[in-house]
Each structure stands twice: as C-alpha cells, then as structure tokens.
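Peer 1: Could you put the whole structure together from the sequences, leaning on the hints where they help?
Quick note on numbering: the sequence shown equals residues 44 to 377 in this note's numbering.
None of these hints come from the bench; they were simulated from the model. Be careful, since some hints might not be right.
[Stated by the list, open to error] Each computed SDA-like pair below joins lysine to any residue, with the alpha-carbon atoms no more than 20 Å apart:
id: 1; residue 1: Lys289; residue 2: Gly316
id: 2; residue 1: Lys257; residue 2: Val334
id: 3; residue 1: Lys234; residue 2: Lys195
id: 4; residue 1: Lys373; residue 2: Val276
id: 5; residue 1: Lys274; residue 2: Asn260
id: 6; residue 1: Lys373; residue 2: Lys289
id: 7; residue 1: Lys356; residue 2: Met314
id: 8; residue 1: Lys375; residue 2: Lys315
id: 9; residue 1: Lys315; residue 2: Tyr277
id: 10; residue 1: Lys356; residue 2: Gly287
id: 11; residue 1: Lys373; residue 2: Ser270
id: 12; residue 1: Lys195; residue 2: Leu205
id: 13; residue 1: Lys132; residue 2: Asp143
id: 14; residue 1: Lys375; residue 2: His343
id: 15; residue 1: Lys269; residue 2: Tyr374
id: 16; residue 1: Lys315; residue 2: Gly287
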Amino acid sequence: MKLLLNLQTEQFNPSMLARSSFELLSLNDENARRKSSAGVECQDVSASNNECCIKMKVKRGNMEEIIKKQEIEIKQQMDELMAKNTQLKHEYGLVLDLFDQQSKEIEKLKENLTALTKQQTEQCDKVENHENTLNAVITANNHLTKSVAEDKKFLSDKMDDLSRKQNDLEDDLATDKDKLDENCNQRNELKKKLDGLETDMRNKLPSSGHFTWKVENFAQLQINVKSGSEKGVYSDPFYSSEFGYKMRLMLFPNGIGIGKEPHLSIALQIMKGPYDAVLKWPIEIRASFSVLDQSKHEGHFTRQMKCREYCAKPNAEINDGVGFPNFCNKYKNV
44 MKLLLNLQTE QFNPSMLARS SFELLSLNDE NARRKSSAGV ECQDVSASNN
94 ECCIKMKVKR GNMEEIIKKQ EIEIKQQMDE LMAKNTQLKH EYGLVLDLFD
144 QQSKEIEKLK ENLTALTKQQ TEQCDKVENH ENTLNAVITA NNHLTKSVAE
194 DKKFLSDKMD DLSRKQNDLE DDLATDKDKL DENCNQRNEL KKKLDGLETD
244 MRNKLPSSGH FTWKVENFAQ LQINVKSGSE KGVYSDPFYS SEFGYKMRLM
294 LFPNGIGIGK EPHLSIALQI MKGPYDAVLK WPIEIRASFS VLDQSKHEGH
344 FTRQMKCREY CAKPNAEIND GVGFPNFCNK YKNV
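Peer 2: The following block contains the structure:
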C-alpha cells in the first residue's frame with residue numbers, strides 16, 4: 044500500500060510539470076504579443092527612439108534565447124517525466140500482479156487457516172473425549188482400588204479367622220490324638236475280648252465239621268467278575284471241629300484255570316490256626332461239596348473230594364487252595 048501511494052504521487056508530478064510548461068508557453072505568447080505591439084509602436088515613434096528599439100531587440104533576443112533554453116529544458120523534463128511515467132506504469136502493473144498474487148496467497152492462507160481451525164476444533168474434541176475417557180478410567184480405577192482394598196481386608200479377616208480355626212483344629216487334633224491313643228488302647232482291649240469270644244464260639248461249634256455258606260447276589264457277583272472288579276469270593280473262616288483245623292472256602296462264579304466259563308470253581312484253603320501246634324501234620328483232606336439251588340430248589344449238585352497229597356502245616360497265614368476248578372456246569376448241573 045505504501046508503494047502504491049508513492050506511484051500515485053509520482054504520477055501527480057508530471058501533471059504539475061505540464062502545467063508549468065503550459066504557463067511558460069503562455070508567457071512566450073504574451074511576449075510575442077508584446078513584441079508585435081512594440082513593433083507597431085516603434086513605427087510611430089521617432090528616430091530618437093531607435094536606441095530604445097535596439098535595446099528592446101537585444102532584450103528580445105535574450106528573451107528568445109532564454110525561452111528556447113527553457114523550452115529545451117521543459118522538453119527534456121517532459122521526456123524524462125514521460126519515461127518515468129512509463130516506468131511507473133510498468134512498475135504499477137508489476138505491483139498489481141504482485142498484489143493479485145499476494146491476494147491469492149492470502150486466500151490460500153485463509154483456506155489453510157480455516158482447515159487448521161477445523162483440525163484444531165476436531166483435536167480439541169478428541170482431547171475432550173480422551174479426557175472424559177481418562178476420567179472414566181481413573182474413576183473405574185479408584186473403584187477397583189477401593190474394591191481391592193475391601194477384598195484385601197475381607198481376605199485378611201478370613202485368613203485371621205482361618206488361622207484361628209487352624210489353631211483350634213490343632214488343639215482339637217492334639218485332643219483327638221489323645222482320644223485316638225485312648226481308642227487304640229480300647230481297641231486292643233476289645234480285640235482281646237473278641238479273641239476270647241472267638242475262642243468261646245469255637246468251643247460251641249459242633250464237632251461234625253459241617254459248614255453252610257450262603258452266597259448273596261450271585262448274579263451281580265458274576266457281572267463283577269466279568270468286569271474285572273472282583274476275581275472271586277471267600278467265606279468266613281471256620282473249623283473242622285472243636286479245637287480243629289482252621290479253614291475257609293473259595294468260590295469263583297465264572298470258573299478259574301481249566302474250569303473257566305461255563306464252570307463254577309470251588310476250593311478249600313487251610314489257614315494258620317490257634318491249635319496248629321497240637322494238631323497232626325500233614326493231613327489228608329476229604330470233603331464233600333454241595334451247591335444248593337435257592338431259586339427252584341431242585342438243581343442241587345454234590346461232589347466228593349479226596350486230596351492225593353497231604354496238606355502241610357501253613358507257614359503263612361493261608362495255604363493254596365485245593366478243590367474243583369470245574370466243579371459243575373452252571374447251565375446244566377445247577
């Protein structure tokens with residue numbers, strides 16, 4: 044804007060110079076009129092005025108020379124002013140072009156400023172959203188911290204409670220241990236009594252050597268043996284007579300050895316007894332085994348057994364069994 048004002052000032056000076064030139068030309072015309080009027084007056088004057096005319100001519104010549112010089116100077120100044128005016132017009136055009144370019148750049152800057160303002164607004168919104176999210180996270184963290192503190196206190200109380208219970212259990216365990224020792228002593232006493240009762244029971248057994256064994260749930264027993272959960276069943280111990288040999292029976296519902304399905308296997312085992320020291324060893328076993336049908340009461344089956352070898356006195360708790368691997372066919376004999 045300052046450059047434009049300077050150009051306008053420069054454009055104003057040539058007009059001022061043109062006006063000065065016009066005034067000089069007017070003066071020149073006025074001098075010419077004066078000169079013509081002076082010539083007319085000189086014709087009417089007398090010869091005595093010739094000297095004055097000569098002086099006027101000299102002055103006129105001087106004035107013409109001055110006017111010519113001034114005209115030349117004015118012309119030079121006019122040419123210089125015209126050149127300056129052309130140059131200023133060119134510079135003014137350049138300034139206008141520069142102004143248009145700057146105006147376009149200003150528009151671009153305005154657009155960029157608008158875009159930046161929009162981005163800044165979006166960034167501010169995002170920052171606000173992040174702040175809200177952060178505040179929510181902080182609030183949740185505070186709640187979580189509070190909850191953890193409460194849970195920690197709860198667990199601490201629980202641990203204290205468990206510690207007290209553990210101490211109580213240890214005290215109870217010590218008490219129970221004392222009771223257990225007492226119970227063990229009582230059990231030993233009961234065992235002694237039981238042994239005494241067993242002795243009394245043996246004394247009451249008949250001397251006939253007859254023993255009846257009732258096998259419960261025979262069908263389920265066969266299923267258990269097939270599944271592998273059981274191999275066979277054993278009877279309670281019994282005695283051959285009062286103060287006699289201690290023994291028990293073995294039963295394999297699905298057979299054993301050479302007597303597998305469909306046979307039933309039965310054997311007798313000699314056990315270590317309280318009277319072995321006074322009994323005769325080895326012994327020859329003769330026994331009669333009978334299977335009684337409890338469903339139809341008509342499928343009874345009996346076999347006699349006599350051992351070919353004598354049975355020695357048991358060194359372990361029980362000897363190997365002797366009997367019939369293929370005692371009977373379950374589906375024919377029973």
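Peer 1: A separate judgement is required for each hint: does it hold in the structure or not?
Peer 2: Going through the hints against the structure:
no.	hint	in the structure
1	Lys289 to Gly316	holds (5 Å)
2	Lys257 to Val334	holds (10 Å)
3	Lys234 to Lys195	violated (54 Å)
4	Lys373 to Val276	holds (17 Å)
5	Lys274 to Asn260	holds (15 Å)
6	Lys373 to Lys289	violated (29 Å)
7	Lys356 to Met314	holds (9 Å)
8	Lys375 to Lys315	violated (37 Å)
9	Lys315 to Tyr277	holds (16 Å)
10	Lys356 to Gly287	holds (13 Å)
11	Lys373 to Ser270	holds (19 Å)
12	Lys195 to Leu205	holds (15 Å)
13	Lys132 to Asp143	holds (16 Å)
14	Lys375 to His343	holds (11 Å)
15	Lys269 to Tyr374	holds (17 Å)
16	Lys315 to Gly287	holds (11 Å)
Checked against the numbered hints above, the structure violates hints 3, 6 and 8; every other hint is satisfied.
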